[in-house]
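Given next are the chains, with one letter for each unit.
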Amino acid sequence: MSAEALFFWLLAVTTMGCAIAVVVTQNIVRAAVWLLFTLGGVAGLFFLLGADFVGATQIMVYVGGTLVLIVFGVMLTAQSPFVTMRAGAGEWGLTLVVGGVLVGLLAGVLFLSPWTGPQSDSAAPQSRSVALGSDPARSQTVRDLGLVLLGIREVHPNGSIPVPIRDADNNPQSVPRREIGYLLPFELASVHLVVVLVAAAYLARARRRTGSPSS
Amino acid sequence: MTIAVEHYLLVGAVLFVAGVVCMAIKRNAIGVLMGVELVLNAANINFVAFARYNPLFVLEGQVMALFTIVLAAAEAAIALAIVLNFYNNHLTVDVDAAEDLKG
Amino acid sequence: MPLGDVSSLALLWALIKALILITFVLVSAIFFVWLERKVAGRIQDRLGPTRVGGKFGWLQTVADGLKLLVKEDLIPAHADRMLFRMGPYVALVGAFLAYMALPFGNQAVALEMNVAVFYMLAVLSTEVYGVILGGYGSGSKWALFGAMREAAQVVSYEVPRSLCVVIPILAAGTLNLNEIARQQVGGFWNWYVFHDPFTFVAFWVFFTVGTASCKRAPFDLAEAESELVAGFHTEYSGFRWLIFYMAEYGSMFSVSGIAVLLFLGGWHTGLLPFDLSDRLGLVGNIVNILVFVVKGWVLVFVMMWVRWTLPRLRIDQVMMTCLKYLLPLSCALLLGASVWPLVVNTLRIGWMY
Chain Y
0 MSAEALFFWL LAVTTMGCAI AVVVTQNIVR AAVWLLFTLG GVAGLFFLLG
50 ADFVGATQIM VYVGGTLVLI VFGVMLTAQS PFVTMRAGAG EWGLTLVVGG
100 VLVGLLAGVL FLSPWTGPQS DSAAPQSRSV ALGSDPARSQ TVRDLGLVLL
150 GIREVHPNGS IPVPIRDADN NPQSVPRREI GYLLPFELAS VHLVVVLVAA
200 AYLARARRRT GSPSS
Chain V
0 MTIAVEHYLL VGAVLFVAGV VCMAIKRNAI GVLMGVELVL NAANINFVAF
50 ARYNPLFVLE GQVMALFTIV LAAAEAAIAL AIVLNFYNNH LTVDVDAAED
100 LKG
Chain A
0 MPLGDVSSLA LLWALIKALI LITFVLVSAI FFVWLERKVA GRIQDRLGPT
50 RVGGKFGWLQ TVADGLKLLV KEDLIPAHAD RMLFRMGPYV ALVGAFLAYM
100 ALPFGNQAVA LEMNVAVFYM LAVLSTEVYG VILGGYGSGS KWALFGAMRE
150 AAQVVSYEVP RSLCVVIPIL AAGTLNLNEI ARQQVGGFWN WYVFHDPFTF
200 VAFWVFFTVG TASCKRAPFD LAEAESELVA GFHTEYSGFR WLIFYMAEYG
250 SMFSVSGIAV LLFLGGWHTG LLPFDLSDRL GLVGNIVNIL VFVVKGWVLV
300 FVMMWVRWTL PRLRIDQVMM TCLKYLLPLS CALLLGASVW PLVVNTLRIG
350 WMY
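Protein chains in written order, with numbering that gives the first Met the number 0: chain Y, 0 to 214; chain V, 0 to 102; chain A, 0 to 352.
Hint data in this document are derived by calculation from the structure and do not stem from the laboratory. These numbers come from a predicted model, not from an experiment. C-beta atoms are modelled at their ideal positions from N, C-alpha and C, and glycine is treated no differently. It cannot be assumed that every hint is accurate.
Have a look at the derived ranges for each label pair, beta carbon to beta carbon [stated by the list, open to error]: (1) His191/Y with Ile348/A: 33 to 43 Å; (2) Gly150/Y with Pro54/V: 19 to 29 Å; (3) Thr67/V with Val342/A: 35 to 45 Å; (4) Val282/A with Pro113/Y: 52 to 62 Å; (5) Leu341/A with Pro54/V: 35 to 45 Å; (6) Pro113/Y with Ile15/A: 39 to 49 Å; (7) Met0/V with Leu104/Y: 22 to 32 Å; (8) Val338/A with Ala86/Y: 49 to 59 Å; (9) Ala77/Y with Gly280/A: 58 to 68 Å; (10) Ile15/A with Trp91/Y: 47 to 57 Å.
To spell it out: a stretch of chain A is covered by chain Y in this simulated footprint if at least three of its residues, at any positions, have a beta carbon under 8 Å from a beta carbon of chain Y; those stretches are [to be verified]: (11) 81-87; (12) 148-158.
Go ahead and model the full structure; you've got the sequences and the hints to work with.
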C-alpha cells in the first residue's frame with residue numbers, strides 16, 4: 000500500500016468513525032469533541048488533496064471559529080444532568096435503517112458511475128493544484144485563489160479554455176469561454192458576513208429570561 | 000492501491016448520511032446544528048475531491064469550498080443565536096418542546 | 000510525483016524531523032521553567048533557585064520534572080474521564096503542530112509550506128480546545144468558569160492577532176515564512192519592523208496580542224491563583240499538568256517565532272549584508288538556527304518579564320482591551336499598511352517628475 004493510500008485510509012477512517020460517534024453519543028459535549036476530530040480529519044483530507052489554503056481555512060474557520068461557537072452554545076444552554084434527551088428505540092431503529100439504506104445507495108451509485116470520461120485532451124491545462132508528494136512550497140493555490148477572488152484568471156495561450164470533447168473525427172475541440180472570476184461572490188460574501196454579524200449580535204443580545212421550563 | 004475520486008466521495012457520502020441522521024435523531028437543538036455542519040463538510044470534501052481529480056475544476060472546486068466554509072460559519076452563528084433565544088424563552092433546548100405553533 | 004512513489008526513507012526522515020522538533024520543544028520548556036523562576040526571583044528582589052545543580056540551580060527543572068512524574072495521578076470523582084484525559088493532549092498537539100511550518104533557518108524547516116503563516120495561526124487557534132476540555136472535564140464549576148473565560152479571551156484575541164499578522168504579509172507579498180525571512184536579509188534596517196510606521200506599531204500590537212492569546216500575564220486572569228485557584232488546570236496534577244505547561248511554553252515560543260520571522264528579520268543577524276548560510280554552508284545554517292532560537296528566547300524572556308512586572312487585568316478589562324482598543328487599532332493599521340505603498344509610490348513618482 001502506498002503512503003498516500005495509508006494516510007488516506009487513516010484520515011478517512013478517523014473522519015468517518017468520529018462522524019458516526021457524533022450521531023451515536025448521548026452526551027452533547029462529547030458530540031462536540033467528536034465533531035472536533037471529524038473537522039480535523041476533513042482538514043487533513045484537504046491537505047492530502049493538495050488544497051493547502053482550503054485546509055488551513057477549514058482549521059481556522061471551522062475548528063477555531065464555528066466549533067468554538069457551538070461549544071459556547073452547549074455551555075450556555077446546559078441542562079441539568081438529570082434531564083436526558085434521548086430518542087426512543089423505535090426512532091433509532093427507523094433512523095438507522097433509513098441511514099443505512101441511504102449510505103448503501105450512495106456508495107453503490109458512486110462506485111458504479113464512470114468518473115473518468117472520454118480521454119482527456121492532451122492540451123488540457125495541467126492541474127495547477129499540488130498533490131501530496133510534490134513540493135508544497137511551490138504550490139500555486141494561494142496565488143491562483145487570490146487572483147481568482149479578485150476576478151483575474153490566467154488563461155490558455157490562445158485565449159480559450161480547452162474542454163475534453165471531440166468532434167466526429169476524434170479531433171479535440173476547444174471552446175472559447177469567457178473567463179469567470181469570483182469577485183462578485185467574494186464581495187457578496189463579505190456583505191453577507193457583515194449582515195450576519197449584526198443580526199447575530201442583535202438576536203443574541205442579553206435579555207432577561209422570561210420563560211418557565213417546559214414540561 | 001491508487002486512491003481515486005470514488006474513495007473521497009465515499010467519505011463524503013458517509014459524512015453526509017451521518018449528518019442527516021444526526022439532524023433527524025438528536026433532540027438537542029445544538030445536536031441538530033452539528034448535523035448541519037457534518038452535511039456541509041461532506042459537500043466540501045466532494046468539491047475539493049473533484050478539484051483534485053479534474054484538471055478543469057481546480058480553482059472552482061476550491062473556491063466553492065471556501066465560500067461554503069464562510070457561509071456555514073455565518074449560518075452557524077445565526078442558528079446559535081436562534082437557539083439561545085429559544086433557550087431564554089423555554090429554558091430548554093429540547094426541540095420537542097418547540098410546539099407553540101402546533102395545531 | 001505522487002506520494003505513492005515516496006520511499007520509506009522519506010517517511011523516516013519526516014519522523015526524524017518530528018523527533019528533533021519535539022526534543023527542541025522539551026528542551027525549551029526545561030529552559031523556560033528555570034528561566035521563569037530566575038526571572039521571577041530577580042524581579043522580586045530574591046535569588047530564585049540556587050540549590051539544585053550548582054549555584055544557579057541549573058537542574059531545578061529536572062528535579063521539578065521528576066517530582067511531577069512520581070505524583071499521584073488523580074482524576075476527580077465527578078470528572079468526565081475521557082475528556083479529562085484528552086484535554087492536555089489536545090492542547091499539546093495544537094501547540095506542537097505549529098512547529099511543522101516554523102523555519103529555524105534557511106531551509107531548516109520541517110515542511111516548507113506556501114501557506115505557512117496561515118497554517119500556524121490556524122493550528123495555534125485549536126489550542127483553545129485543550130482549555131475547554133480541561134475545564135469541562137474536571138467536573139468542577141470553578142474550573143469550568145475559568146475555562147470558559149479563558150476560551151472567550153483566547154478566541155477574541157485571535158482576531159487582532161490575525162490582522163496584525165496580515166500587515167507584514169502585505170509588505171512581503173507572500174505567506175511563505177521562509178520567503179518573508181529571506182526578504183529581510185542585510186542590515187537591521189531591512190527588518191519589517193522598520194519598513195513603515197504601520198508595521199512598527201503592528202509589531203508591538205502583535206506582541207501584546209500574542210501574549211494574551213498565550214494566556215500569559217497580564218492577561219492570565221483565568222489562571223489567577225487568587226481568584227480561581229488555577230482555572231482550567233485546577234484539578235490536574237503531575238504529568239497531565241506538565242503536558243499543559245509544555246503546551247503553554249510551546250505556544251509562547253511559536254508566537255515569538257512568528258514575531259521574529261515576520262518583524263525582526265528571522266535568522267539574519269542584522270549586521271551582515273548577506274545570508275550566512277549562502278556563504279558558509281552548513282556552519283552558516285547552524286549559526287542561523289542559533290540566531291533565530293536566541294531571538295525567540297529573548298522575546299519569551301520579555302513575556303516573562305512583563306508577567307512578573309505588571310498587575311493582572313480583570314476579565315472585563317481584558318475583553319475591553321481587545322474589542323475596544325486593539326481591534327480598531329489593528330483595523331486602522333491594516334488600512335494604513337494597505338495605503339502606504341500607494342502613497343509612497345505616488346510620492347516617489349511625483350518627485351521624479
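Each hint, compared with the structure:
no.	hint	result
1	His191/Y with Ile348/A: 33 to 43 Å	holds (38 Å)
2	Gly150/Y with Pro54/V: 19 to 29 Å	holds (22 Å)
3	Thr67/V with Val342/A: 35 to 45 Å	holds (37 Å)
4	Val282/A with Pro113/Y: 52 to 62 Å	holds (58 Å)
5	Leu341/A with Pro54/V: 35 to 45 Å	holds (37 Å)
6	Pro113/Y with Ile15/A: 39 to 49 Å	holds (43 Å)
7	Met0/V with Leu104/Y: 22 to 32 Å	holds (24 Å)
8	Val338/A with Ala86/Y: 49 to 59 Å	holds (57 Å)
9	Ala77/Y with Gly280/A: 58 to 68 Å	holds (60 Å)
10	Ile15/A with Trp91/Y: 47 to 57 Å	holds (48 Å)
11	81-87	holds (count 3)
12	148-158	holds (count 4)
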